[in-house]
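Engineer: For the record, the sequence lines run as chains F, V, U and W. Once you know that position 162 of the first sequence is 162 in the UniProt record's numbering, the rest is easy, because the numbers rise by one and skip nothing. Once you know that position 275 of the second sequence is 275 in the UniProt record's numbering, the rest is easy, because the numbers rise by one and skip nothing. Once you know that position 10 of the third sequence is 10 in the UniProt record's numbering, the rest is easy, because the numbers rise by one and skip nothing. Once you know that position 210 of the fourth sequence is 210 in the UniProt record's numbering, the rest is easy, because the numbers rise by one and skip nothing.
Keep in mind the hints are simulated off the structure, nothing from the lab. Some hints here could point you the wrong way.
Straight-line distance between alpha carbons at most 25 Å, and here's what the computed PhoX-like set of lysine-lysine pairs gives [what the hints assert, rightly or not]:
#, chain 1, residue 1, chain 2, residue 2
1, F, 146, F, 129
2, U, 161, V, 252
3, W, 149, W, 129
4, F, 252, W, 149
5, F, 129, W, 252
6, V, 129, U, 129
7, U, 161, U, 149
8, V, 149, V, 161
Number of protein chains: 4
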Amino acid sequence: MQNLTATLLVSCPDQPGIVAQIAQFIYQNQGNIIHADQHTDFSSGLFLNRVEWQLDNFRLSRPELLCAWARLAEQLQATWQIHFSDQLPRLALWVSKQDHCLLDILWRWRSGELRCEIPLIISNHPDLKPIADQFGIDFHCLPITKENKLAQETAELALLKQYQIDLVVLAKYLQILTTDFVGKFPNIINIHHSFLPAFPGANPYHRAHERGVKIIGATAHYATAQLDEGPIIEQDVVRVSHRDNVEDLIRKGRDLERVVLARAVRLHLQHRILVYDNRTVVFA
Amino acid sequence: MQNLTATLLVSCPDQPGIVAQIAQFIYQNQGNIIHADQHTDFSSGLFLNRVEWQLDNFRLSRPELLCAWARLAEQLQATWQIHFSDQLPRLALWVSKQDHCLLDILWRWRSGELRCEIPLIISNHPDLKPIADQFGIDFHCLPITKENKLAQETAELALLKQYQIDLVVLAKYLQILTTDFVGKFPNIINIHHSFLPAFPGANPYHRAHERGVKIIGATAHYATAQLDEGPIIEQDVVRVSHRDNVEDLIRKGRDLERVVLARAVRLHLQHRILVYDNRTVVFA
Amino acid sequence: MQNLTATLLVSCPDQPGIVAQIAQFIYQNQGNIIHADQHTDFSSGLFLNRVEWQLDNFRLSRPELLCAWARLAEQLQATWQIHFSDQLPRLALWVSKQDHCLLDILWRWRSGELRCEIPLIISNHPDLKPIADQFGIDFHCLPITKENKLAQETAELALLKQYQIDLVVLAKYLQILTTDFVGKFPNIINIHHSFLPAFPGANPYHRAHERGVKIIGATAHYATAQLDEGPIIEQDVVRVSHRDNVEDLIRKGRDLERVVLARAVRLHLQHRILVYDNRTVVFA
Amino acid sequence: MQNLTATLLVSCPDQPGIVAQIAQFIYQNQGNIIHADQHTDFSSGLFLNRVEWQLDNFRLSRPELLCAWARLAEQLQATWQIHFSDQLPRLALWVSKQDHCLLDILWRWRSGELRCEIPLIISNHPDLKPIADQFGIDFHCLPITKENKLAQETAELALLKQYQIDLVVLAKYLQILTTDFVGKFPNIINIHHSFLPAFPGANPYHRAHERGVKIIGATAHYATAQLDEGPIIEQDVVRVSHRDNVEDLIRKGRDLERVVLARAVRLHLQHRILVYDNRTVVFA
């Protein structure tokens with residue numbers, strides 16, 4: 001299954017015959033579908049679809065494919081993306097001082113779990129530079145203050161452009177991005193250390209302990225202008241009890257944060273997520 | 001979505017164009033697909049598919065549909081089933097003395113969670129007849145001994161035929177069916193009170209306690225001639241500790257058994273399960 | 001272990017020697033401890049303890065025990081309860097129109113999972129009276145309007161007194177109790193159909209669906225004047241996906257509500273819960 | 001709570017007054033108990049206890065404590081251990097070629113989650129030496145063949161002695177130890193990549209896939225002469241579906257292996273585990 005494939009993510013108004021038309025389009029050009037999943041949201045009348053097919057005997061070149069598909073997409077009034085499996089997404093990791101999410105993603109990347117390139121790490125602190133060095137990744141330290149935030153974001157945007165980054169992963173970056181930044185760079189995944197919408201904002205473990213919950217969680221979501229209100233990609237939870245103090249919650253939470261963020265990044269890299277109406281459809 | 005629908009379950013050798021042909025078949029007859037899911041098992045080269053579409057404007061009558069589809073299916077070398085949403089499957093519950101799975105399924109049935117008819121309860125003990133009476137369901141008591149087992153199974157098969165039963169649910173029946181019986185009536189779902197393949201056979205909770213496991217489970221599977229080795233439909237687990245004695249395991253396990261069996265029955269009634277190679281594909 | 005036992009729940013300022021003094025008190029009166037669990041909250045300096053011992057050879061009568069213990073408790077500045085295993089707590093179930101939590105608790109009660117008496121069901125609707133009749137439990141229907149709320153609560157308090165109720169279980173009662181009522185009757189367990197503090201208040205499943213969460217939950221807590229803010233006893237969760245509409249969330253949630261409420265009630269009936277600082281210590 | 005503490009783990013025949021005698025022993029010597037947990041196995045009549053107390057004002061020196069306790073223990077016919085919080089257990093990691101469990105434990109160790117010393121890594125392959133170097137840990141490569149197994153185990157025992165190792169952690173070592181070795185060095189924790197007792201032995205993920213289970217697991221246990229039959233310390237599970245092939249199971253399983261092994265090692269290092277009758281009591 002390491003063959004060359006194309007993956008189409010498409011959403012359009014629901015109407016009879018969409019599946020037939022898309023499948024026909026691929027079949028008549030001699031593509032062999034290896035994964036197809038769809039969802040219809042009946043309340044909004046939206047049809048969402050992921051199709052992946054082998055390109056081995058495909059009769060269209062990539063430009064021809066894009067051109068031919070665009071014509072069909074226009075008829076369907078569809079928004080869409082097409083990704084080719086030999087074009088690895090380029091990922092930038094943004095961190096602060098905590099290393100657990102960073103190390104976890106780097107380890108999964110090196111072990112082959114995450115198919116992408118990681119050319120860039122950005123941090124507001126110099127602490128994790130040795131890890132970047134160890135993995136041979138460029139590390140840029142851009143400390144943030146109230147005064148320099150906008151200027152630093154401009155510099156960060158320039159770095160994202162320079163390194164041709166497709167996806168920013170906030171691996172415990174712990175800084176709020178401006179609305180302007182989020183508007184200019186749409187593909188940002190954040191890990192929040194609570195079971196959203198419980199405990200948005202700062203210090204969720206302290207507040208979870210104070211509230212006396214019996215389960216804590218972590219949430220990976222796309223960053224939007226509204227803090228902690230972006231489309232949720234993945235969540236997971238773990239039991240706690242009265243024996244767990246705040247430090248225990250933080251420790252147990254780290255394990256959650258690592259796996260939840262890693263799962264979300266992997267789903268995105270495999271082009272399995274469609275966003276609509278501040279929600280995600282995950283074709284897992 | 002309470003519209004009249006047809007559901008096609010199909011498995012056939014994988015080849016390019018299957019999705020297109022099936023979708024085209026439905027579309028050109030003016031069916032609107034509301035659910036489609038597929039799976040390709042690359043090791044065995046098998047393609048498996050579930051498609052559900054609305055029949056409101058469908059141009060073919062049911063006999064015409066079956067006839068037309070059968071021709072396409074033959075080309076695809078497919079095995080298949082087609083179900084119509086207004087034909088409720090008929091279910092028989094087989095029980096012994098424990099009432100928790102029986103009551104749970106009957107409650108879900110009455111509350112509308114399980115779309116089926118339940119005209120028949122069979123038991124080897126008279127104990128649960130009052131429950132059958134309360135729900136207005138015929139109750140047949142067929143006590144099993146070593147001597148009469150084959151004769152009773154013949155009587156049971158006759159009852160299944162008489163009541164036109166599509167699915168037998170062993171809701172803690174606790175008797176082993178003969179290979180002959182299983183061969184004659186294929187649609188049987190059993191609940192086993194362990195996390196199979198751990199602790200097959202008798203007294204799984206006692207053996208789980210003795211082994212000192214930290215998690216116990218329950219498994220819903222199709223019954224086959226080999227005891228507890230049929231295709232697994234659904235499993236779930238719950239944590240236990242050294243504080244839990246065998247009675248606690250039995251109590252905690254009852255909650256598992258109820259939900260795991262109910263989920264499996266619901267999936268079957270919605271025609272979401274395909275079996276191949278002693279495994280299930282569950283289009284949930 | 002069905003022997004006659006006494007259970008002491010105690011909380012007091014932490015100091016050296018508490019365990020020794022309590023254990024010594026029981027031992028010198030020839031009680032055999034069969035369960036002991038303790039917790040020290042170091043931030044508040046509070047010591048919390050549950051001890052259960054066999055009364056078979058205990059040298060003190062119950063009045064003597066209470067009297068002798070009270071003297072020691074005064075030295076320890078302790079608040080405490082002592083419960084005897086042959087005095088079954090008396091439970092009132094409050095319901096509205098939904099039957100799943102009611103039926104579940106009644107089934108567990110009849111099967112011996114819940115050691116208590118259930119002499120009273122109160123509802124603001126007549127719908128579930130047949131279930132009360134079937135289990136031989138008195139059913140009182142007290143419809144609530146804005147105008148009669150206070151008067152009806154007075155009538156309800158009178159019923160709780162008349163039936164000598166120790167614990168009220170709001171099994172989907174769906175009405176808010178006044179601060180006055182909660183102040184007058186402290187032992188009330190409520191089931192909320194969300195993973196609190198996410199989605200407090202009305203329509204949590206609708207809001208969970210709108211927010212696009214990947215996991216939903218249920219929470220059993222003691223009722224306090226602040227709606228949905230009382231001490232949490234138990235929580236559990238289940239995964240959902242984009243395929244689940246609101247009706248699916250409600251259906252999946254029902255299973256959660258049943259088990260979470262049942263676990264909380266069982267823990268309370270076994271005197272395993274201590275409340276302090278709007279949190280619970282659960283000696284499970 | 002980073003004060004100096006002593007932890008007593010004790011098991012003895014159950015009889016009245018044990019808790020009182022142990023608590024009294026600590027109290028009269030001015031120890032302040034900060035954690036106490038106990039369990040009585042009524043079927044075997046065994047009492048098991050963990051007590052941890054602060055040594056700040058304790059009146060006995062360590063030799064005096066051991067001497068005085070030994071006398072009481074003899075009366076109670078107890079087997080016991082006493083550990084002091086400033087004596088860090090010394091841990092040896094045994095690995096093969098897979099790095100995920102090794103890296104995970106080393107990361108937790110460096111971040112302070114695991115209070116121990118790790119002076120030694122043993123492997124039958126040289127592959128992971130760079131990781132040992134990076135963390136400044138001695139690495140000994142002892143390749144195993146059928147012929148040299150006994151000789152190598154002798155060398156390994158010598159290393160364990162030389163490095164004064166208290167606990168061996170088989171972090172995916174993938175070699176079977178001889179009965180002789182296990183008899184000579186009792187504290188060995190192994191991680192098995194299945195939900196034991198399902199799929200003991202080799203290739204559990206392949207066999208889980210073949211069996212079509214819907215949940216896979218991992219098990220941390222003490223190694224005994226019988227392969228995969230030692231006392232279970234911790235288990236956890238994750239859902240899988242027909243979409244997961246063997247590689248997916250291996251990938252998902254790695255996450256389980258890491259956390260399950262780490263939890264077991266942490267519990268052991270905190271002296272929270274008592275073994276009896278091939279089972280564990282975990283005072284978590």
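Engineer: Each of the hints needs a verdict: does it hold here or not?
Structural biologist: Evaluation of the provided hints:
no.	hint	verdict
1	F:146 <-> F:129	23 Å, holds
2	U:161 <-> V:252	34 Å, violated
3	W:149 <-> W:129	21 Å, holds
4	F:252 <-> W:149	39 Å, violated
5	F:129 <-> W:252	29 Å, violated
6	V:129 <-> U:129	23 Å, holds
7	U:161 <-> U:149	18 Å, holds
8	V:149 <-> V:161	18 Å, holds
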